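These are the residues of each chain, in order.
Number of protein chains: 2
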Amino acid sequence: MISKNKTKLIKSLHQKKYRKKTGMFLVEGAKSVLELLQSHINVTTVVVTEVFLKEHGNMLNRKHPETEVLVASEQEISALGVFKTNNAALAVAEIPKSEAFSLQPQEYILALDDISDPGNLGTIIRIADWFGIHKIVCSPGTTDCFSPKVVSASMGSFLRVQLWYIALEHFLENIQVPVYGAFLAGDDIHQTAFAASGVLVLGNESEGIRKYLEPYIEHRISIPKYGAAESLNVAIATAVICDNVMRSKKEGTPIY
Amino acid sequence: MISKNKTKLIKSLHQKKYRKKTGMFLVEGAKSVLELLQSHINVTTVVVTEVFLKEHGNMLNRKHPETEVLVASEQEISALGVFKTNNAALAVAEIPKSEAFSLQPQEYILALDDISDPGNLGTIIRIADWFGIHKIVCSPGTTDCFSPKVVSASMGSFLRVQLWYIALEHFLENIQVPVYGAFLAGDDIHQTAFAASGVLVLGNESEGIRKYLEPYIEHRISIPKYGAAESLNVAIATAVICDNVMRSKKEGTPIY
Numbered sequence: 000m001i002s003k004n005k006t007k008l009i010k011s012l013h014q015k016k017y018r019k020k021t022g023m024f025l026v027e028g029a030k031s032v033l034e035l036l037q038s039h040i041n042v043t044t045v046v047v048t049e050v051f052l053k054e055h056g057n058m059l060n061r062k063h064p065e066t067e068v069l070v071a072s073e074q075e076i077s078a079l080g081v082f083k084t085n086n087a088a089l090a091v092a093e094i095p096k097s098e099a100f101s102l103q104p105q106e107y108i109l110a111l112d113d114i115s116d117p118g119n120l121g122t123i124i125r126i127a128d129w130f131g132i133h134k135i136v137c138s139p140g141t142t143d144c145f146s147p148k149v150v151s152a153s154m155g156s157f158l159r160v161q162l163w164y165i166a167l168e169h170f171l172e173n174i175q176v177p178v179y180g181a182f183l184a185g186d187d188i189h190q191t192a193f194a195a196s197g198v199l200v201l202g203n204e205s206e207g208i209r210k211y212l213e214p215y216i217e218h219r220i221s222i223p224k225y226g227a228a229e230s231l232n233v234a235i236a237t238a239v240i241c242d243n244v245m246r247s248k249k250e251g252t253p254i255y
Numbered sequence: 000m001i002s003k004n005k006t007k008l009i010k011s012l013h014q015k016k017y018r019k020k021t022g023m024f025l026v027e028g029a030k031s032v033l034e035l036l037q038s039h040i041n042v043t044t045v046v047v048t049e050v051f052l053k054e055h056g057n058m059l060n061r062k063h064p065e066t067e068v069l070v071a072s073e074q075e076i077s078a079l080g081v082f083k084t085n086n087a088a089l090a091v092a093e094i095p096k097s098e099a100f101s102l103q104p105q106e107y108i109l110a111l112d113d114i115s116d117p118g119n120l121g122t123i124i125r126i127a128d129w130f131g132i133h134k135i136v137c138s139p140g141t142t143d144c145f146s147p148k149v150v151s152a153s154m155g156s157f158l159r160v161q162l163w164y165i166a167l168e169h170f171l172e173n174i175q176v177p178v179y180g181a182f183l184a185g186d187d188i189h190q191t192a193f194a195a196s197g198v199l200v201l202g203n204e205s206e207g208i209r210k211y212l213e214p215y216i217e218h219r220i221s222i223p224k225y226g227a228a229e230s231l232n233v234a235i236a237t238a239v240i241c242d243n244v245m246r247s248k249k250e251g252t253p254i255y
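Protein chains in written order, with numbering that gives the first Met the number 0: chain G, 0 to 255; chain Z, 0 to 255.
Chain G on its own, in the form it takes in the complex (with noise of 0.2 Å):
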């Protein structure tokens, strides 16, 4: 049996502003939860099924002697979290700190204008971890990272990806790599010789991106449309010219 007040606790995280009072947040699944207990997040505690506890038991002790480990049911556990399947594990962690921003030469970065759905922003978490991308600046209005439905969607990609949360336009003023900003009326991105480093803007999903970032952005680009949809989803088109700015990487010669 959960406490009532650990109960409390744990889903007092569903909210934004809970996350930010306490330095905590949630991951649930039992394939997130094992990754999460590989990395240096600290581990509060962990609520894990009888079975999750026999298999992975030794590896908790041993790689983290103080977490809390508590017992319970699939039901007990699905009732604390987001998710009505996903319920053989569920772990408090504390919110890793930021490091300084920094750009390493050579390097990709993406910067999110006001992503607002957390499938979406998990998603594109998975797809910068796919292409080998480990930073991402996010306007203040972005949703927030380490709500329990961006970790989930980012499948074990937010142990891997940094996020910082800033005013995009003093951020794209002052970086010193080519910025490109997705746009549905922009140069092709088949016939673009991305530059060595850059910033890939991505924009809001019905908004695009907004007026006041567009003085910012030196090359408006688009994925070439052969059909009639209107556009793709945001996280289809990162991936997309992920693909491609990788590869122009490999190939092509870079103009800068």
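Rather than coming from a laboratory, the hints here were simulated on the basis of the structure. On a predicted model such as this, the values are computed, not experimentally measured, just so you know. Keep in mind that a hint or two might mislead.
If several chains are the same, the list does not tell them apart, and a pair holds so long as it fits within one copy or across any two.
When the alpha-carbon atoms are kept at most 30 Å apart in a straight line, the in silico DSSO-like pairs for lysine-lysine are as follows [to be verified]:
#, residue 1, residue 2
1, Lys30, Lys224
2, Lys248, Lys15
3, Lys210, Lys30
4, Lys96, Lys224
5, Lys224, Lys53
With the hints as your guide, set chain Z onto chain G.
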């Protein structure tokens, strides 16, 4: 007020069983309903707000004089559908009859092996439409393309892409064009000279392309990975592969 019988009929269409029985399906949301009304699909009933009717009533009368028009509040419309928002219009339409399948020269199509998530299927339909792919063959276990969640996620593209549910092993055995399958360890799509025409096979969200289809896949292809994520979501993978196929068709010399 919508009658009890009408409410019951509309709500029954949330379920595949009743869609099959009645030959009807639901379209939710003003934007999708408007696209539907511009298409050749028979629309038997629309439930719309006063505001929607004021704006689009003339077009409705002109293009669909026989469609039953019911006026309701946003709350009532939401209560009829599966979505909490998306609530200015809802339509009941006839499931269009499948044409006989045939492949055109220079054509690419998708083959889906048990895609189970409706959001993924809808997104794949939207991606196909963007890349000019008009035909998708699905294993019988693939989620129903006329479910409200698929229709909604396709963002209107369900009107321009046709789907067939058939035994993929027989289909692939008899098809006369190259068959490419997305695997985690296949040939780099950046270095693949895609044929002028072909089938792209995408597998189930957790199992990928299943063993029984492997004998029919001539080319195992992969999206190059530069980071650490274990995999990409199937809709994301579909988009990146389609982009590479279209690029290869435009730039490269087909090997077939």
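Legend entry - Those earlier numbered hints the structure runs against, lowest number first: The structure breaks hints 2 and 5; every other hint is satisfied.
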